[in-house]
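Undergrad: Now for the letters of each chain:
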Amino acid sequence: MPPVKAIYGGLPDKAPGSFDGELLAFVEDLRSEGMAVGTSEMLDAFDALALIEWQSSSDFKETLATTIAKSPEDRRVFDLVFERFFFRAAEAQAVRLSVSEPQSRAGSDELDLEALRRQIAQALEDGSESELRDLARLAIAAFGKGEGSGVLGVDVQRIRRALGLRTEPQPDLPSDDPRHDGLPREQLRRFEQHLRRELERGLIERTQALPPKRPLTDLDRSLPGGPVQDLAAVHKVVAQLRRRLATQGHELRGANRHAHVDVRATMRASLQTGGVPVELKFRPKRPRRPELFVLCDVSTSVTSASTFFLSVLHALHDVFRKQRSFVFIERISEVTEIFQRERDFRAAAIAVSRDAGVADISGYTDYGRVWTEFLAEIESELHPRATVIVLGDARTNGRPPREDVFAAIAAKAGRTFWLNPEPRLYWNYGDSVISVYEQYCQAFECWRTDQLEEFVKALTKPTVR
Amino acid sequence: MAENPISVQDVAEGLQSVGYLPGESTALVSFLAAKLGKPVLVEGPAGVGKTELAKALAKYLGRELVRLQCYEGLDEAKALYEWNYRKQLLRIQAEVGGTGWDEVQDDIFGEEFLLARPLMTAIASEKPVVLLIDEIDKTDQEFEAMLLELLSDFQITIPELGRIEATTHPVVILTSNNSRELTEALKRRCLYLWLDYPELEHELQIVRMHTPELPETVARKLVDVIRMVRELDLKKSPSIAESIDWARALLLLGAREIDQDVFRQTLSVIIKHRTDLDIVAERVGVKLEPASAA
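So the protein lines, in turn, are chains Y and Z.
If you're matching positions, the first sequence starts at 1 in the working numbering and goes up one per residue.
If you're matching positions, the second sequence starts at 1 in the working numbering and goes up one per residue.
For the record, the hints were derived by calculation from the structure and aren't laboratory data.
Take the hints with a grain of salt, since some may be wrong.
Stated by the list, open to error - Just some of the chain Z residues that point at chain Y, by a computed CB distance under 8 Å:
id: 1; residue: 32
id: 2; residue: 104
id: 3; residue: 233
Positions of the beta carbon are idealized from the N, C-alpha and C atoms, including for glycine.
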């Protein structure tokens, strides 16, 4: 049926309402977002669904998740796709059966706007999901007059501003108003999601067609970075990193694993068998624990990433005993001691900005000078087993990059890594000169969890000697 | 004991009755595991009750728990089976000169000389068991590959004896701290459950369940503080078990309120690192009310 296809965009040519078809389409959707879902997993999902009752939507979702999404990252993608897919599927069905939502309750003109504001703020504090949904509709009825701008994001922000919902405290409001101390960010985000959904629903009802599917952007999967996101989220990622760092390199594979026979232990074990060495004992191979030199950019151009960088520094400090850390803007300053002493990075950041004296005049990064100073300070200590890690965006602000000095550092050290918080797309645009440095080091873009893991793998990989 | 749960609700109540308060998805996945006979891979940070879940399931289903603790370098001889070569040697020596080689050979590779290790025990058991493979991420990939046969078909192949198939279907729980990525092949054979630190209310219920005598206000304050502590960048965050320990400690001390004094004295129950102690005292301690003058 061609018209149906036209309305639903991406849905396959299955009979409408066929459940198997819908589920297959859902899995297809997941695959298109890069999740590897095997046929056997799909069969498991069907088996499992046969066992549960379907009244509860969360049971349904969890059942699918447990059989299909097999890692926290996959789960995140799964949640996003699940939301998108079933919202669209339900709307498609509504359009097909021409069901429409009853128009907003209560005449929107008589709404007391101030009361509504307070009510929403209160609901945000208490956090009841269904209430938020209702209030989102009310808010749209009150503030989203007419057709809106047609761009959902703009409308959402307009309504949010009109409601005066902000995360910052608003001290001029009475103290019993929930907005007085600022609203929880997480809740506000959820409310925005509801707004967006309701607006989308309204749009679909008016136009009788589904808008094109919005693929997940890399942003949805990006690392929590900087002030916009929660610290807790950063800690979570870094805790994972720490765990990986602590255990990586232990599991060596294949023939390399047991290199040397431990004669003493073998002899001792052979006593059990009357001196016949039945069981060979091997010397355990120690994982590589290199000496680290970490250079971290703390200038304003990487502000959003520096929270994350500093957390990474902490994680590295926990695992690697021999580590020296430096921060730099125009010049470098050693902060090893601060990091050993100070675990709270906010305090560390203050200590760094107070004691380090890294900015002379402009507050812009001067890579050339940084390399020169760094080399002068630790030239004698660099050796082939040392690893140098640079955290920075390689934006020189037009100053000479002095790649010759950087090359000298890289040549002295065993390995050199560069973590760049910018997506590869932006590299070498504007004043970014990463390609100049990249020929001397291994550069990683580092703004997503999986990219961080790639780096950890590279860092702890045992080197062939 | 309920051998065969009929609904998710059933499992949730059953687990609760043996002292484990499952989250929604935990109960659901446990139910599916028992029904589908598929292994469950449980991942999550340390101390959220992954191992506890297996124990509770065993208790609830009335089955014996067979536990295999994984570690680096764990091999088949320690996980599956081993020939009892000392006994074999004795057997050979005892018969020296008497019997022919063929006879001895048949004899010494019999089940009598087989030492069953946890996986073998779980497979060969007459009654269905719960098999817990703890911290699978600590082993190496070869070991994982070896598990595949066991997990999908519940059978073990011993070259000298042939294939040993499970007479009963064990419920298998694998736990992982996610310190390395497990192989796709293993994951594909399992149901997946991600356990995280519980929500505030959920943890409160857990604490209340284990220490019902603790006043509600104190318990609430306790989980509140624990949550604040977990948000900090610590070397080791307090686990659920530690919140329960703390609740017990407070109960013993007869604390009516968590103020700065009490907090300082009992801090070591939840924080196990010297540097962590300082941060927590500094960041969380000050938010509490100062000790009352009395």
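Undergrad: Going through the numbered hints above, which ones does this structure break? Give me the numbers in ascending order.
TA: Of the numbered hints, just 2 does not hold.
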